[in-house]
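Chains A and B, in that order, give the protein sequences. All the letters of the first sequence, read from the start, carry residue numbers 0 to 406 under numbering that gives the first Met the number 0. All the letters of the second sequence, read from the start, carry residue numbers 0 to 100 under numbering that gives the first Met the number 0.
Check the hints yourself; a few may be wrong.
To be verified - Simulated crosslink set (EDC-like; lysine to aspartate or glutamate; CA at most 20 Å straight-line):
| id | chain 1 | residue 1 | chain 2 | residue 2 |
| --- | --- | --- | --- | --- |
| 1 | B | Lys5 | A | Glu365 |
| 2 | A | Lys258 | B | Glu34 |
| 3 | B | Lys5 | A | Glu364 |
| 4 | A | Lys348 | B | Asp21 |
| 5 | B | Lys90 | A | Glu231 |
| 6 | B | Lys90 | A | Glu234 |
| 7 | A | Lys258 | B | Asp21 |
| 8 | B | Lys90 | A | Glu365 |
| 9 | B | Lys74 | B | Glu34 |
| 10 | B | Lys96 | A | Glu234 |
| 11 | B | Lys74 | A | Asp246 |
| 12 | A | Lys258 | B | Glu88 |
Unchecked claim - Selected chain A positions facing chain B (Cβ under 8 Å, derived; list incomplete):
| id | residue |
| --- | --- |
| 13 | Ala155 |
| 14 | Ile157 |
| 15 | Arg158 |
| 16 | Asp162 |
| 17 | Ser240 |
| 18 | Gly260 |
| 19 | Ser263 |
| 20 | Ile361 |
Hint data in this document are derived by calculation from the structure and do not stem from the laboratory. Cβ coordinates follow ideal geometry from the N, Cα and C atoms, glycine included.
The residues making up each chain are set out below.
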Amino acid sequence: MYMCTTLKEKEEGAIKLVNIKEGKFLGYRRPDGKVGVRNHILILPTITCATRAAKQITELVQGTVSFIHQHGCAQVGIDYDQTFRTYVGMGLNPNVYGVVVLGLGCETHQARSVSDEIAKSGKPVVTVSIQDHGGTLQAIAEGAKVAAQMVQDASAIIREECDISELIIGTECGGSDACSGLSANPAVGYLSDKIIDHGGTAILAETTELIGAEHLLANRAVDDQVAKRVYEVIEAMENRSIQMGVDIRTGNPSPGNLKGGLSSLEEKSLGAANKAGSRPLQQLINYAEAPTKKGLIWMDTPGHDIEQLTGMVAGGAQIVLFTTGRGTPTGSPIAPTIKISTNSSIYKKMSENIDLNAGSIIEGEETVDQVGERIFSEIVNVSYGKLTKAEILKQHDFGIWRIGPTF
Amino acid sequence: MSDKNKTVMMKPHDKVAVALTDIESGVSLEVVCQEKTFHVTLKDPIAFGHKFAVAPIREGEDIVKYGEVIGVAIKDIDVGAHVHVHNLEGKRGRGDKIGKH
């Protein structure tokens, strides 16, 4: 009985953490002035064939994280650039204290070039090459040795009081249903406005899932140039399906979206656009690019959950909000991902994956604003160190939006 | 559960409303959106999250939800009928329509 009571008391929002001033949190200040909410050592494999060794380093050294991918070689032009920018952005994210860049040696995405870019931020970076170190085992030993020192150095950092204005919050929706546009997305929209009113930044992404709602965002652009870019990225995305001669609905909305009651991409988009709240659109940036302005930012990404998540995190998002109607386990190796259900039944069904429930809006038990305030509190708690469900389950997803063929 | 919590209609000139619970065919509902009230008898069972027409929609007519176009009717849709992929088509990203006029 006691156990049951304890567990019940610890349901969502019931744990009281250290009291802090409104609009503040404790973060890790980096040499470039940016602030992290986590203190990871990233083992960054620049090529597929180094991902296995990178994973083995994380098994040896507590406090390190890595990710699996299939890129980094035989890539050219803007596709090369986008993958390169994504690697560098992951290393530059302020949730990362230091980086071990692990390459094979002969790949197009040279580990050394990635390290040089990350090193400009002043954070510790070491390059390890499997070929130069004479094989997998030596490279693992070398990588683990430098990572272990970084972990100890990172652990000695004292956190300082930081302002919410220093946060970049990524927003996304995945496994949407008809409730997404009614509950969780409007609540994230409320939160987005609140973060921006505190001087912070919110990223809206998934260009595909704004097709049909672009005029609403273009009308909120700060100037004509941003409005023009809105129509350009939408047209480019829509043309990709047109050039393939297919109905985009064969891939988006997904079968789960359709089952959830969404009938067309436009309908899904109009629900998705609610995440953007009501503040002016300041800037439209490329995939995995860091915003140079504060406020509402649109990053041009596909609707693919992991690719957009990766793009926003590589762009500097310290925390991501992820709304879901069908349920999803998604998380990032370096950025806490707070998942918010659009309906109460999926929250109950997948409570091990979902952090907050916005289904109470559908039942008339809470307003959009009330849920938005709960999301804000959760962001502050997570900034302090409260772990998200995806972090606990080691859901280290990573995927790059490839825009060219492999040669 | 009162009618108020069974369905939601986003904007007064929308053509569809959304079921917030599974509702059986034949059920009569009062759907309220701002100053407008619609009396609808369902012609199909409507699952949680799915849409039904609150006004008659003719083939070729735009279907409006959130006050915006979500697609086009590919057949006449009666009041109270389920609105989904069998009678609604998206208008955007239609590479399949190229050269097939």
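Numbered hints the structure breaks, given as an ascending list: Hint check: 2, 8, 9, 13, 14, 15 and 16 fail, others pass.
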